[in-house]
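Engineer: Residue-level listing of the chains:
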Amino acid sequence: NAGVTQTPKFQVLKTGQSMTLQCAQDMNHNSMYWYRQDPGMGLRLIYYSASEGTTDKGEVPNGYNVSRLNKREFSLRLESAAPSQTSVYFCASSEVGGTPSGYTFGSGTRLTVV
Amino acid sequence: KQEVTQIPAALSVPEGENLVLNCSFTDSAIYNLQWFRQDPGKGLTSLLLIQSSQREQTSGRLNASLDKSSGRSTLYIAASQPGDSATYLCAVTYQKVTFGIGTKLQVIP
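If you're matching them up, the sequences are chains F and C in order.
The opening position of the first sequence corresponds to residue 1 in the working numbering, with each subsequent residue numbered one higher.
The opening position of the second sequence corresponds to residue 1 in the working numbering, with each subsequent residue numbered one higher.
Isolated chain F (complex conformation) (with noise of 0.2 Å):
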């Protein structure tokens, strides 16, 4: 099914280990997304990308980078966990043109740091 794949589904790291949160889209998608989703607070932005080769700051993105490696993968990295970003993750798409499609999200990545 078309879509947004995300890997891995969950992941357990200890403070200060390294990871990296994949995300693929085949639906020709120019706009990508990631987000951050924890109890009380819905859904915040922490990077996106509008376009292939152009990767912009959300709402709160310390301790995390991200790539777009293509059009279709957009990775992000925590380089140092902390247990602050304990936390659902979420990659979206959308195209946006003329008239703004609406998104679609990922299945996300369940992360603990202890």
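To be clear, the hints were calculated from the coordinates, so they are not data collected in a lab.
Hints are not guaranteed to be accurate.
Claimed, not checked - Computed Cβ-Cβ distance ranges for the label pairs, DEER-style: (1) C:S70 x F:G40: 24 to 30 Å; (2) C:K96 x F:E73: 31 to 37 Å; (3) F:G40 x C:T26: 30 to 36 Å; (4) C:A79 x F:E52: 41 to 47 Å; (5) F:N65 x C:S53: 45 to 51 Å; (6) F:A50 x C:R72: 26 to 32 Å; (7) C:S69 x F:N65: 26 to 32 Å.
Unchecked claim - Below, simulated DMTMM-like cross-link-like pairs (lysine to aspartate or glutamate); rule was C-alpha separation at most 25 Å, straight line: (8) F:K9 x C:D39; (9) C:K1 x F:D38; (10) C:K1 x F:E79; (11) F:K57 x C:E3.
We treat Cβ as the ideally placed atom computed from N, Cα and C, and that holds for glycine.
Mind docking chain C on chain F? Use the hints.
Structural biologist: For chain C alone, coordinates are given in the frame of chain F:
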């Protein structure tokens, strides 16, 4: 700064009841508004997308309306079923997307 509010935060209804979920936003300059469903431990599934030029969208038992001038959208669910139990989020798009925190719906058999 755009703010999106969803009231109530939680709602419990008996099966078969028609219900309305509310979403309000502070800035009427939007491209579109989207309603999502999120099941526990799962991702967000898009239900309905309303472009700024539209007044409503329908899909099956779901109907979403948009009143940009008043900054409001409603999601109407007809003949609710236990399978409708989930958290429903709305999101508005202009230069960026702003999400509400959601309404947690429980439909009791």
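Engineer: Please go over all the hints and tell whether each is borne out by the structure.
Structural biologist: Results for each hint:
Taking 24 to 30 Å as the suggested C-beta distance range, the pair S70 (chain C) and G40 (chain F) conforms, at roughly 27 Å. In this structure the supplied range 31 to 37 Å is violated for K96 (chain C) paired with E73 (chain F), their Cβ-Cβ distance being about 22 Å. In this structure, G40 (chain F) and T26 (chain C) break the distance hint of 30 to 36 Å, their C-beta atoms being roughly 20 Å apart. Separation of A79 (chain C) from E52 (chain F) is about 45 Å and conforms to the stated range, judged on CB atoms against 41 to 47 Å.
The beta-carbon spacing between N65 (chain F) and S53 (chain C), approximately 38 Å, falls outside the hinted interval of 45 to 51 Å. Distance hint for A50 (chain F) and R72 (chain C): a CB-CB separation of about 29 Å, consistent with the stated range 26 to 32 Å. Distance hint check for S69 (chain C) and N65 (chain F): the Cβ-Cβ separation is about 41 Å, which falls outside the suggested range of 26 to 32 Å. Annotation: proposed proximity of K9 (chain F) to D39 (chain C) holds, straight-line Cα distance about 15 Å (limit 25 Å).
At most 25 Å may separate the alpha-carbon atoms for a hinted pair to count; K1 (chain C) and D38 (chain F) meet this at roughly 21 Å. As the CA atoms of K1 (chain C) and E79 (chain F) are separated by approximately 31 Å, the hinted pair breaks the 25 Å bound. For the hint pairing K57 (chain F) with E3 (chain C), the CA-to-CA distance comes to about 19 Å; that is within 25 Å, so the pair holds.
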